[in-house]
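Line by line, the protein sequences give chains A and B. Under the numbering used here, the first residue of the first sequence carries the number 1, and numbering increases by one thereafter. Under the numbering used here, the first residue of the second sequence carries the number 1, and numbering increases by one thereafter.
Keep in mind that the hints are not guaranteed to be accurate.
[Unchecked claim] Taking CB as the label site, the calculated pair distances span:
{"no.": "1", "chain 1": "A", "residue 1": "Asn36", "chain 2": "B", "residue 2": "Gly407", "range": "26 to 34 Å"}
{"no.": "2", "chain 1": "B", "residue 1": "Thr247", "chain 2": "A", "residue 2": "Asn36", "range": "35 to 43 Å"}
{"no.": "3", "chain 1": "B", "residue 1": "Gly407", "chain 2": "A", "residue 2": "Gly211", "range": "38 to 46 Å"}
{"no.": "4", "chain 1": "A", "residue 1": "Lys52", "chain 2": "B", "residue 2": "Ile392", "range": "49 to 57 Å"}
{"no.": "5", "chain 1": "A", "residue 1": "Val208", "chain 2": "B", "residue 2": "Ile392", "range": "22 to 30 Å"}
{"no.": "6", "chain 1": "B", "residue 1": "Gly9", "chain 2": "A", "residue 2": "Asn36", "range": "38 to 46 Å"}
{"no.": "7", "chain 1": "A", "residue 1": "Glu175", "chain 2": "B", "residue 2": "Leu401", "range": "21 to 29 Å"}
{"no.": "8", "chain 1": "A", "residue 1": "Arg168", "chain 2": "B", "residue 2": "Leu303", "range": "39 to 47 Å"}
[To be verified] In silico lysine-lysine, BS3-like type, Cα no more than 27 Å apart, as pairs:
{"no.": "9", "chain 1": "B", "residue 1": "Lys13", "chain 2": "A", "residue 2": "Lys136"}
{"no.": "10", "chain 1": "B", "residue 1": "Lys125", "chain 2": "A", "residue 2": "Lys136"}
{"no.": "11", "chain 1": "A", "residue 1": "Lys127", "chain 2": "B", "residue 2": "Lys18"}
{"no.": "12", "chain 1": "A", "residue 1": "Lys15", "chain 2": "B", "residue 2": "Lys18"}
{"no.": "13", "chain 1": "A", "residue 1": "Lys136", "chain 2": "B", "residue 2": "Lys18"}
{"no.": "14", "chain 1": "A", "residue 1": "Lys52", "chain 2": "B", "residue 2": "Lys19"}
{"no.": "15", "chain 1": "A", "residue 1": "Lys52", "chain 2": "B", "residue 2": "Lys18"}
{"no.": "16", "chain 1": "A", "residue 1": "Lys127", "chain 2": "B", "residue 2": "Lys408"}
{"no.": "17", "chain 1": "B", "residue 1": "Lys151", "chain 2": "A", "residue 2": "Lys129"}
{"no.": "18", "chain 1": "A", "residue 1": "Lys15", "chain 2": "A", "residue 2": "Lys26"}
{"no.": "19", "chain 1": "B", "residue 1": "Lys19", "chain 2": "A", "residue 2": "Lys150"}
{"no.": "20", "chain 1": "A", "residue 1": "Lys126", "chain 2": "B", "residue 2": "Lys408"}
In case anyone wonders, no lab produced these hints; they're calculated from the structure. Owing to the predicted nature of the structure, the values given are computational and were not obtained by experimental measurement. Every residue gets a Cβ at the ideal spot worked out from N, C-alpha and C, and that includes glycine.
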Amino acid sequence: MELVLEGVSKQYSNKTAVDRLSLRLKPGVTGLLGENGAGKTTLMRMICGIMKPSEGTITLDGLDASDEMYRDALGYLPQDFGYYPNFTGRSFLMYMAALKGLEKSAAERRCDELLKIVGLEQTAGKKIKTYSGGMKQRLGIAQAVLNDPKLLILDEPTAGLDPKERVRFRNLISELGRESIVVLSTHIVSDVEHIADRILMMKDGHFVFDGTLDEAGTDLEAFYLRCFGEGMQETGRGK
Amino acid sequence: MKNFGIIFGAELKKILSKKAMWATLIAGILLIGTVEVSDLFFEHYDYPDISMSGVEYEQLQREKGEAITGDAMDDAFYERFRNEMKEFGNEHQQDIEKIVDTDGSGYTDLWFCAERTGNQWLLSKELRAIGTETEGYEKLITGGTAAQIEKAKREELIYRMNAEGIGDSEQAYWIGRYDSIEKPFIYSYSQGYITFYECIFVMIWLVFLVMVIGLSGVFADENTCRTDALILSSRNGRRVTCLAKLTAGITFSAAAMLVVTGTGLLIPLLAYGAGGWNTPVQNVLVGSPYDITVGRAVIITILIAVLAAVVCGLFTMLLSLLFKNTLPVMAVQTALLLLSIFSLPDKFGILSQIWGLKPMYFLKSEVFNEYRLFPVPGGYLNCLQMAAIAYILLSAVFFFLVLRRYGKYQILGR
Numbered sequence: 001m002e003l004v005l006e007g008v009s010k011q012y013s014n015k016t017a018v019d020r021l022s023l024r025l026k027p028g029v030t031g032l033l034g035e036n037g038a039g040k041t042t043l044m045r046m047i048c049g050i051m052k053p054s055e056g057t058i059t060l061d062g063l064d065a066s067d068e069m070y071r072d073a074l075g076y077l078p079q080d081f082g083y084y085p086n087f088t089g090r091s092f093l094m095y096m097a098a099l100k101g102l103e104k105s106a107a108e109r110r111c112d113e114l115l116k117i118v119g120l121e122q123t124a125g126k127k128i129k130t131y132s133g134g135m136k137q138r139l140g141i142a143q144a145v146l147n148d149p150k151l152l153i154l155d156e157p158t159a160g161l162d163p164k165e166r167v168r169f170r171n172l173i174s175e176l177g178r179e180s181i182v183v184l185s186t187h188i189v190s191d192v193e194h195i196a197d198r199i200l201m202m203k204d205g206h207f208v209f210d211g212t213l214d215e216a217g218t219d220l221e222a223f224y225l226r227c228f229g230e231g232m233q234e235t236g237r238g239k
Numbered sequence: 001m002k003n004f005g006i007i008f009g010a011e012l013k014k015i016l017s018k019k020a021m022w023a024t025l026i027a028g029i030l031l032i033g034t035v036e037v038s039d040l041f042f043e044h045y046d047y048p049d050i051s052m053s054g055v056e057y058e059q060l061q062r063e064k065g066e067a068i069t070g071d072a073m074d075d076a077f078y079e080r081f082r083n084e085m086k087e088f089g090n091e092h093q094q095d096i097e098k099i100v101d102t103d104g105s106g107y108t109d110l111w112f113c114a115e116r117t118g119n120q121w122l123l124s125k126e127l128r129a130i131g132t133e134t135e136g137y138e139k140l141i142t143g144g145t146a147a148q149i150e151k152a153k154r155e156e157l158i159y160r161m162n163a164e165g166i167g168d169s170e171q172a173y174w175i176g177r178y179d180s181i182e183k184p185f186i187y188s189y190s191q192g193y194i195t196f197y198e199c200i201f202v203m204i205w206l207v208f209l210v211m212v213i214g215l216s217g218v219f220a221d222e223n224t225c226r227t228d229a230l231i232l233s234s235r236n237g238r239r240v241t242c243l244a245k246l247t248a249g250i251t252f253s254a255a256a257m258l259v260v261t262g263t264g265l266l267i268p269l270l271a272y273g274a275g276g277w278n279t280p281v282q283n284v285l286v287g288s289p290y291d292i293t294v295g296r297a298v299i300i301t302i303l304i305a306v307l308a309a310v311v312c313g314l315f316t317m318l319l320s321l322l323f324k325n326t327l328p329v330m331a332v333q334t335a336l337l338l339l340s341i342f343s344l345p346d347k348f349g350i351l352s353q354i355w356g357l358k359p360m361y362f363l364k365s366e367v368f369n370e371y372r373l374f375p376v377p378g379g380y381l382n383c384l385q386m387a388a389i390a391y392i393l394l395s396a397v398f399f400f401l402v403l404r405r406y407g408k409y410q411i412l413g414r
C-alpha cells in the first residue's frame with residue numbers, strides 16, 4: 001500500500017499554496033508540521049480529493065484521488081469539522097457510515113464500537129448541538145475511522161481535546177498506523193513527537209524537512225523552532 | 001448506488017428539520033383554510049324581511065344547488081328556474097324582469113330572488129357565461145330558450161377570442177373542442193371546486209415560499225455547516241449524494257404541493273360539498289372552451305402544479321449549489337416571484353406566450369381560459385400541454401446542471 005504524490009501543485013490567482021511536491025508514503029504515522037499558511041490544509045484537501053491540484057497526480061495503489069474506490073479507502077477529519085446540529089451523535093455516525101458505503105448492520109456494530117472508544121456511548125442519543133467542543137472533536141475522529149481506512153488524513157485532530165483525551169487519541173492513531181497510512185497535521189509538536197514514524201515540515205508550499213524523529217534530533221520542538229524561526233509562538237509543547 | 005435509501009432519508013430529514021419551513025407551511029395552510037370558509041363564518045346577509053348568517057345562506061344555496069345537480073340545462077330546466085323566481089318575486093313584490101338598477105349600477109330584483117331561492121350560483125354562472133356585454137342578455141336570462149342561451153354562450157366565447165386577437169385556426173381548434181361537449185350542459189352545484197380555484201394562486205405562492213425556505217440550504221448548508229468536506233471525501237459523497245439530494249428535493253417539492261393543494265381542495269369540499277366531479281368543467285370555470293370534466297380539470301391543475309413545484313425545487317437547488325449560501329438563493333427566488341407578477345403584452349407574440357408559462361402566472365384558474373396555442377408540427381398544443389412539456393424539459397436541464405456542477409465541486413478557502 002502506497003500513497004504517491006508526484007509534482008503536486010496548487011496555484012491560486014496570486015499565490016502558490018503547494019509547489020511541486022512529490023512524496024511516497026507507506027503505512028505508518030506521518031506528522032505534518034508547519035506554520036499557518038504553509039500549505040498543510042491545501043495539501044490535505046488535495047490528498048482527500050476535495051480540491052483538485054493545479055498540477056501533478058495523487059494516487060493510492062494506482063487509484064487516482066478522484067476515484068470512488070480511492071475515497072472508499074479514505075478517512076478524513078478536516079480542520080474545520082462540520083456537523084448537523086439536529087442529528088444525534090449516533091444518527092450522524094450512521095449517516096457517515098452510509099456515505100462511506102458500509103452495510104447497515106456492519107455500520108451499527110462499528111458505530112457502537114467507535115462510540116465506546118471515543119467515550120460518547122452515553123451521549124450518543126443526544127443532539128450534536130448539545131455537545132461540547134471536545135465531544136464534537138471525538139465524534140469527528142470516530143467518523144474518520146468508521147470505514148477502517150487505509151489512508152487516514154487528520155487535520156488538527158487533537159484541537160479541543162483535554163490532555164487525557166489527547167493521550168487516548170494518540171494511542172488510537174498509533175494503532176491505526178500499524179496497517180494504514182496516517183497523515184497527521186498539527187501545530188502541537190508533542191502529538192507528532194509521540195507517535196509519528198516520519199515527520200514532514202512544510203513552509204511556503206515546500207517540504208523543508210522529511211525524516212524521522214531521530215534525524216530531527218531528540219528535541220523536536222527545538223528543531224521545529226530552528227526550522228521556522230524563533231518567532232513561532234504557536235508550537236507550545238502540550239498545548 | 002449503495003446506501004442510496006439511507007442517504008436519501010438523511011437528506012430528506014435535513015430538509016424537514018427547518019422550523020421556519022414548518023411554521024410557514026402551517027400558518028399558510030391555516031390562512032388558506034380560513035379564507036376558503038370565510039364566507040361561512042364572516043359574512044352576514046340582511047334582507048328587509050330576514051337576516052341570514054353565512055352558514056344559513058350557504059346552506060340554502062347548497063340545498064337548492066344539489067337538488068338540481070345532474071339536471072340537463074334544457075328548456076324545462078330554465079322554465080323551472082324562472083317559475084320559481086317569479087313565484088318568489090310575486091310573494092315579495094319583486095320584478096324578476098328588472099335586472100339592473102335604473103342607473104345601471106347593479107342587479108336588483110332578479111338577484112334578490114336568486115339569492116333567496118338558492119339560485120345565486122346558477123344565476124351568477126349563467127350571467128358570466130353569456131357575458132353582460134351581449135346585447136339583450138337580460139331577456140335571455142328571463143325568457144330565452146335553452147338553445148338561445150347556449151348560442152349566446154358560444155358567441156361570447158368567440159367574442160372573447162376575438163378580443164384577444166386569437167387567429168382563425170386557433171379559434172377553430174377551441175370551437176371544435178367546445179362544440180364536442182355534450183349539450184345541453186349538465187348542471188352541477190360545484191361551489192367546493194369554485195372555492196378551490198379561487199384560492200389556488202395563494203396555494204402556489206405558499207408552496208413556493210415553503211420550497212425556497214426548505215431547499216435553499218440543500219447544498220448551501222453543507223458549505224456553511226462545513227460538512228461538505230466530510231461528504232465529498234466519502235465513497236458515496238459525489239454522485240450518490242447528489243442524486244439523493246436531488247431526489248429528496250424533488251420529493252419534498254412534490255409532496256409540499258400535494259399537501260397544500262390537497263388540503264386546499266379538501267377544506268372547501270367538506271364545507272360546500274364535493275358534487276360535480278364528473279360534470280363539464282364549465283360548471284366551475286365559466287367560459288372555458290375545454291371539453292373536460294371538473295374532476296379532470298382539478299387533476300390536471302394539481303399535476304401541473306406538482307410539475308411546476310419540481311421545476312422550482314430543482315432551480316432552487318441549482319442556486320443553492322451555485323451560491324453556497326442560502327441568502328442569495330432566497331433573494332433571487334423572491335425577485336423572480338415578484339417579477340412573475342408582471343405579464344408580457346400579447347404583441348410580443350411567442351415570447352409573451354412563453355413568459356405566460358411561468359408557474360406563478362400560469363397556475364391560476366384563468367389558465368383554462370387561455371386561448372393562445374403553441375403551433376407544433378401537425379397541429380397545436382394548448383398552454384396546459386405546453387406547460388407540462390416545458391416543466392419536464394426544464395426539470396431535466398436543471399437536474400443535469402446540478403449533477404454536472406456537483407461533480408466538479410471543490411472546497412477552496414473558507
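Worksheet item: Keeping to a limit of 27 Å between CA atoms, is the pair of lysine 127 of chain A and lysine 18 of chain B held or broken?
Response: Status holds; Cα separation ~15 Å.
Worksheet item: Within 21 to 29 Å or not, the Cβ separation of glutamate 175 of chain A and leucine 401 of chain B?
Response: violated, 45 Å
Worksheet item: Quick one: are glycine 407 of chain B and glycine 211 of chain A within 38 to 46 Å, going by C-beta?
Response: holds, 39 Å
Discussion item. Just to be careful, I want the Cα atoms of lysine 136 of chain A and lysine 18 of chain B compared with a cutoff of 27 Å; is the pair within it?
Written reply: holds, 22 Å
Item to complete: Could you grab the alpha-carbon distance between lysine 15 of chain A and lysine 26 of chain A and see if it respects the 27 Å cut-off?
Response: It is violated: about 30 Å lies between the C-alpha atoms, which goes past 27 Å.
Discussion item. Checking one constraint from the list: CA of lysine 125 of chain B to CA of lysine 136 of chain A, max 27 Å. Satisfied?
Written reply: violated, 65 Å
Worksheet item: If you draw a straight line from the CA of lysine 13 of chain B to the CA of lysine 136 of chain A, is it 27 Å or shorter?
Response: holds, 21 Å
Worksheet item: Does lysine 150 of chain A lie within 27 Å of lysine 19 of chain B when you go C-alpha to C-alpha?
Response: Distance ~40 Å between lysine 19 of chain B and lysine 150 of chain A Cα, so the pair is violated.
Discussion item. Can you confirm whether the C-alpha distance between lysine 15 of chain A and lysine 18 of chain B stays at or below 27 Å?
Written reply: Judged against 27 Å, a Cα distance of about 39 Å means the pair is violated.
Worksheet item: Cβ-Cβ distance between threonine 247 of chain B and asparagine 36 of chain A: within 35 to 43 Å?
Response: holds, 41 Å
Discussion item. Does lysine 18 of chain B sit within 27 Å of lysine 52 of chain A, going by the straight-line distance between their CA atoms?
Written reply: violated, 33 Å
Discussion item. Given the hint of 38 to 46 Å, is the C-beta distance from glycine 9 of chain B to asparagine 36 of chain A inside that range or not?
Written reply: For asparagine 36 of chain A against glycine 9 of chain B, whose Cβ atoms are near 40 Å apart, the range 38 to 46 Å holds.
When the structure is compared with the earlier hints, violations turn up for hints 4, 5, 7, 8, 10, 12, 14, 15, 16, 17, 18, 19, 20 and for no others.
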